[in-house]
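My request is simple: use the sequences and hints to build the entire structure.
Chains A and B, in that order, are what the protein sequence lines are.
In case it helps, this note's numbering puts the first sequence at residues 1 to 361.
In case it helps, this note's numbering puts the second sequence at residues 1001 to 1325.
Hints in this document: simulated from the structure, not taken from any laboratory.
There may be inaccurate statements among the hints.
Straight-line Cα separation of at most 16 Å, EDC-like style, residue types lysine to aspartate or glutamate; simulated pairs [said to hold, decoys possible]:
no.	chain 1	residue 1	chain 2	residue 2
1	A	Lys103	A	Asp321
2	B	Lys1039	B	Glu1019
3	B	Lys1039	A	Asp272
4	B	Lys1039	A	Asp270
5	B	Lys1253	B	Glu1280
6	A	Lys103	A	Glu319
In this text, all values refer to a predicted model and were calculated from it rather than measured experimentally.
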Amino acid sequence: MSKKPTAKEATSPAANDHAQAPVNARLTPEERIELFRKMMRIRRFEERSLRAYQAKKIGGFLHLYIGQEAVAVGCCSLMGPNDHVITAYRDHGHAIAVGMDTKALMAELYGKATGCSKGKGGSMHYFDPSRNYWGGHGIVGGQIPLGAGLAYALKYKGLKGAAMAFMGDGAVNQGAVHEAYNLASLWNLPVVFVIENNGYSMGTSQARSSAGELAQRAAGYDMQWGQCSGHDVYEVRAMMDKFLTLARETGKPSTVEIDTYRYRGHSVADPDNTYRSKQEIEEYRRTRDPIQLFQDKLLAEGVLTAATAEQIDTEARAEADVAADFSEASPFPTPADIQTDVYWEADNPSERRSQGRLFFT
Amino acid sequence: MPVITYREAVRHALAEELERDPNVVVMGEEVAQFNGAYKVTEGLLARFGPQRIVDTPISEAGFIGVGIGASMLGIRPVMELMFWSFYSVAFDQILNNAANVRYMSGGQIHCPIVIRGPANGGTNVGATHSHTPENVLANHPGVKVVVPSTPADAKGLLKSAIRDNDPVFFLENTMLYGEKGEVPAGEHVVPLGLADVKRPGTDLTIVTYGRSVLHSLAAAEVLEREHKVSAEVLDLRTIRPLDIDSVLRSVAKTHRVLIVEEQKPFASVGSQLAYMIQREAFDELDGPVHRLATVDAPAIYSPPVEVEQLPNPRRVLQAALETLA
Ligand SMILES: Cc1ncc(C[n+]2csc(CCOP(=O)(O)OP(=O)(O)O)c2C)c(N)n1
Ligand SMILES: [Mg+2]
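So this is what it looks like as structure tokens:
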């Protein structure tokens, strides 16, 4: 088994110059470096969290974003004040991309009270509504109707914005995704459904799980769709800018399939020895690493020097270590915290209106 | 007798039933090529081939529905849910179709399907992956619900489940997959609806099932050693049909009851039990029926705190002492 090339990858001429797309051409050198820095920070955070997991500091699942950094960074770099994001359980990259504090993110993995969800959600359930980031969802495909709902709320309130609803290539086979597609198109909801196609859903290759092309399914719902490479952050931005603009300006939904790759197993528990070859992983690392490719571009543009790149890497590693130290030093929640954050009324007793018992033993 | 793990016991039951009945098919996410998310189905693809060990896309409503439909025409599908938590995606198929079709057709159709997979907390996978739906499932007449606690029970009950002509929902536990126990080789069948005394006693009945049986046995040891209390641990094994007679028999002997369950308390399996015990054995009771459940909130992630949300030996011991007070 191996990763199926997307139709786009199979047919497009090799090197389109997406750097010339207006949304990229107008980037300042600082903004370009910031894109690079964000991707590097994600990668170093993920590597540090893996080490913490191996040291048994983290429980449950850990789904790493390593290899996919350009997707979240490219997409989220386009967010305006009324744009919103929702994703699945592989959610660390998006969280860093929208600007969440890596200390709170790492502390969540450690199950500490200082975590972004107070240690209650864990790796799969990051949230930060203050940054228009609505999670972090563990049930495959379950977040996609919510993404359409965010778009519904934007439209209802008359706000000019768009929701981005991220999912994997396996999630496209959930009924809820198709119901959301239809609703979004029928009601003209400003949502971009983003398929992060890393070729595999757990140990199942795309060819073994999905009939036909993934993005093209949108056509059946009368939605526009596109495909692009997720190894080039410029290309991600160029494609997403088009569809985000469509959503913001006309309220029309769309589906974008972004070709990407994960270097690590599905989660850290995946022995990763049944469904793809080591050579395939090596090949992606060597030829399509999104951070390396962008570094090369920025060096060629004269925006970045080798020394600055090195320094950004060093700072990203240091930041991840600081996050781990912070998490280590933070307290766990207590058993009394188990029953807070369940009901709004229970947490705001002075404003309670209902009567009767809320909790049971 | 061979000592094997719970995981192997489930696998042996699957393999033996696949061998015995050509209509048995195993279907689910990652069951074949990946050898099972929890390696329960390891080796089955190599042995029985892709006709009978079938990988599905992540489409629970679709593939569970396909299994139910196929069972109406005589296939005996054994469906794996990677986690029982994902049953919510297939809720309509399970509870409208599998549970009702026999009744709605006036008995013309039946669904010999098994849906199996883990349903438990304790591995820090958070609120979306820690559901224990045995009460929700058992609330639907027409279905059977099994929650085995030991390797031998897992094997014997699964074989019964596969041979059963009604839909059987079989709830395993990721925390138990590695637990070892003696399991008879070959034909070993435990009938559905038969509880099992896992430890006899005279002063207190602990009615429980699933992983809580292990916690209850650990607590019973301490009760004996440190408190001179002889606790009987009764493992229900099957939730529906429910072996209420064995429960009442034990209550008539000990006169004190503690129910221990890894369930949210509201309208749980324990709620049903407590109702039946007070209704049918009121005069036997020397005190109110007690119950220890999961602390009433969604599953918390934080590893050391999750231990305190679930039943554990310390909490069972404390609840037992309160029951005796
Ligand atoms: C409803 C449901 N079914 C199954 C799972 C278990 N599961 C978690 S992730 C996953 C694979 C998803 O693959 P994909 O959508 O491609 O996303 P990726 O992990 O590649 O980012 C599976 C089967 C789940 N969490 N929810
Ligand atoms: Mg995938």
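Against the structure, the hints come out as follows:
At most 16 Å may separate the alpha-carbon atoms for a hinted pair to count; A:Lys103 and A:Asp321 meet this at roughly 9 Å. Taking the CA atoms of B:Lys1039 and B:Glu1019, the gap is near 19 Å; set against the 16 Å cutoff, the hint is violated. Among the hinted pairs, B:Lys1039 with A:Asp272 is consistent with the structure: their alpha-carbon atoms are about 13 Å apart, no more than 16 Å. For the given pair, B:Lys1039 sits about 11 Å from A:Asp270 by alpha-carbon distance, which is consistent with the 16 Å threshold.
For a cut-off of 16 Å, the pair hint linking B:Lys1253 to B:Glu1280 stands: about 14 Å separates their Cα positions. Between the alpha carbons of A:Lys103 and A:Glu319 the distance comes to roughly 8 Å, so the proposed pair stays at or under 16 Å and holds.
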